[in-house]
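Q: Kindly produce the complete structure, drawing on both the sequences and the hints.
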Amino acid sequence: QKEVEQDPGPLSVPEGAIVSLNCTYSNSAFQYFMWYRQYSRKGPELLMYTYSSGNKEDGRFTAQVDKSSKYISLFIRDSQPSDSATYLCAMSGRGSSNTGKLIFGQGTTLQVKP
Amino acid sequence: DAGVIQSPRHEVTEMGQEVTLRCKPISGHNSLFWYRQTMMRGLELLIYFNNNVPIDDSGMPEDRFSAKMPNASFSTLKIQPSEPRDSAVYFCASSPGLNTDTQYFGPGTRLTVL
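The listed protein sequences correspond, in order, to chains Z and W.
Numbers 307 to 420, taken from our numbering, label the letters of the first sequence in order.
Numbers 6 to 119, taken from our numbering, label the letters of the second sequence in order.
Please note: incorrect hints may appear among the correct ones.
[Unchecked claim] Which chain Z residues stay away from chain W? Per the calculated CB distances, all over 12 angstroms, these:
| # | residue |
| --- | --- |
| 1 | M340 |
| 2 | E351 |
| 3 | T368 |
| 4 | R383 |
[Unchecked claim] When the alpha-carbon atoms are kept at most 20 angstroms apart in a straight line, the in silico EDC-like pairs for lysine to aspartate or glutamate are as follows:
| # | chain 1 | residue 1 | chain 2 | residue 2 |
| --- | --- | --- | --- | --- |
| 5 | W | K29 | W | E88 |
| 6 | Z | K373 | Z | E363 |
| 7 | W | K83 | W | D62 |
| 8 | Z | K348 | W | D61 |
| 9 | W | K29 | W | E16 |
| 10 | Z | K407 | W | D61 |
| 11 | Z | K373 | Z | D313 |
| 12 | W | K29 | Z | E351 |
| 13 | Z | K348 | W | E16 |
| 14 | Z | K419 | Z | D389 |
| 15 | Z | K407 | W | E16 |
| 16 | Z | K308 | W | E49 |
| 17 | Z | K362 | Z | D384 |
| 18 | Z | K407 | Z | E321 |
| 19 | Z | K308 | Z | D372 |
| 20 | Z | K407 | W | E49 |
[Unchecked claim] Listing some non-contacts, in silico: residues in chain Z with all C-beta distances to chain W over 10 angstroms:
| # | residue |
| --- | --- |
| 21 | G322 |
| 22 | V325 |
| 23 | D364 |
| 24 | F367 |
| 25 | S398 |
| 26 | Q412 |
| 27 | V418 |
Worth flagging that the hints you see were computed from the coordinates, not collected in a lab.
Backbone N, C-alpha and C define an ideal beta-carbon position, used for all residues, glycine too.
A: Here it is in structure tokens:
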């Protein structure tokens, strides 16, 4: 079993829809949770960063972390064609064995149709 | 400021040949990461350095892979001899340090081994 599980999709939605992307994980040591966005033939770029449980909002994007369920989500409101990309969740813990090391999900490919 | 710079952007080679990928991290960043991305396995961490010293190379698949960081502004990933299953996109990323989780990715090198 992988440490981080993410449905690769693809996910296709109409413009304006609310998008929900999710990851589950097995390592309870993870404390820092990130979402990266990767456009086709580009490197991943950091989109959202959260620590421990709770919500964080940034414009049309909301990241949620539920540590009790080992489940994280990214919501995109009023989705736009420019949101079409692959979204990767990533997480890390603290401690001498994994300091600075990110574990990535497989990535979910999202297509927003005009 | 320039981001992470990788070269070459594309590399096509024949099985058995030596391949060298290059990376210049963001100036002032102390940590450097090499990843490999494939459709089947997603984004995998190969090795990472802190202050030019290799910290964790447990992701390096075989002895055919080696990485060096001779100074703070340059790193190489070498594959010798290359095999068709090494075909992938190789990303370099840098971060200010291991106590920060934000990694900045380069554009990647798309490697094809025939």
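Q: May I ask you to check that M340/Z keeps its beta-carbon over 12 angstroms from the closest beta-carbon of chain W?
A: M340/Z not clear of chain W: closest Cβ-Cβ about 6 angstroms, inside 12 angstroms.
Q: Is it true that the CA of K419/Z sits at most 20 angstroms from the CA of D389/Z?
A: Status holds; Cα separation ~10 angstroms.
Q: If you draw a straight line from the CA of K348/Z to the CA of E16/W, is it 20 angstroms or shorter?
A: 16 angstroms, holds
Q: For a C-alpha distance cap of 20 angstroms, please report whether K373/Z and E363/Z respect it.
A: This hinted pair holds, its Cα atoms lying about 18 angstroms apart.
Q: Please settle this one: S398/Z was flagged as non-interface, so is its CB more than 10 angstroms from every CB on chain W?
A: 5 angstroms, violated
Q: Below or equal to 20 angstroms on CA atoms is what counts here, so check K348/Z against D61/W.
A: Roughly 25 angstroms between the alpha carbons, so the hint for K348/Z and D61/W is violated.
Q: Does the structure keep K29/W and E88/W at a Cα separation of 20 angstroms or less?
A: At roughly 25 angstroms apart (the allowed maximum being 20 angstroms), E88/W and K29/W break the hint.
Q: Find the nearest Cβ of chain W to the Cβ of G322/Z and say whether that gap is larger than 10 angstroms.
A: It holds; G322/Z is separated from chain W by about 29 angstroms at its closest Cβ, greater than 10 angstroms.
Q: In terms of Cβ atoms, is chain W entirely out of 10 angstroms range of V418/Z?
A: 21 angstroms, holds
Q: With d taken as the least Cβ-Cβ distance between F367/Z and chain W, does d exceed 10 angstroms?
A: 16 angstroms, holds
Q: Between K29/W and E351/Z, is the straight-line Cα distance small enough, at 20 angstroms or below?
A: 17 angstroms, holds
Q: Would the pair K407/Z and E16/W pass a check requiring their Cα atoms to be no farther apart than 20 angstroms?
A: Violated, at roughly 27 angstroms.
In summary, the structure is inconsistent with hints 1, 2, 5, 8, 15, 18, 25 and 26 from the numbered list given earlier, while agreeing with the others.
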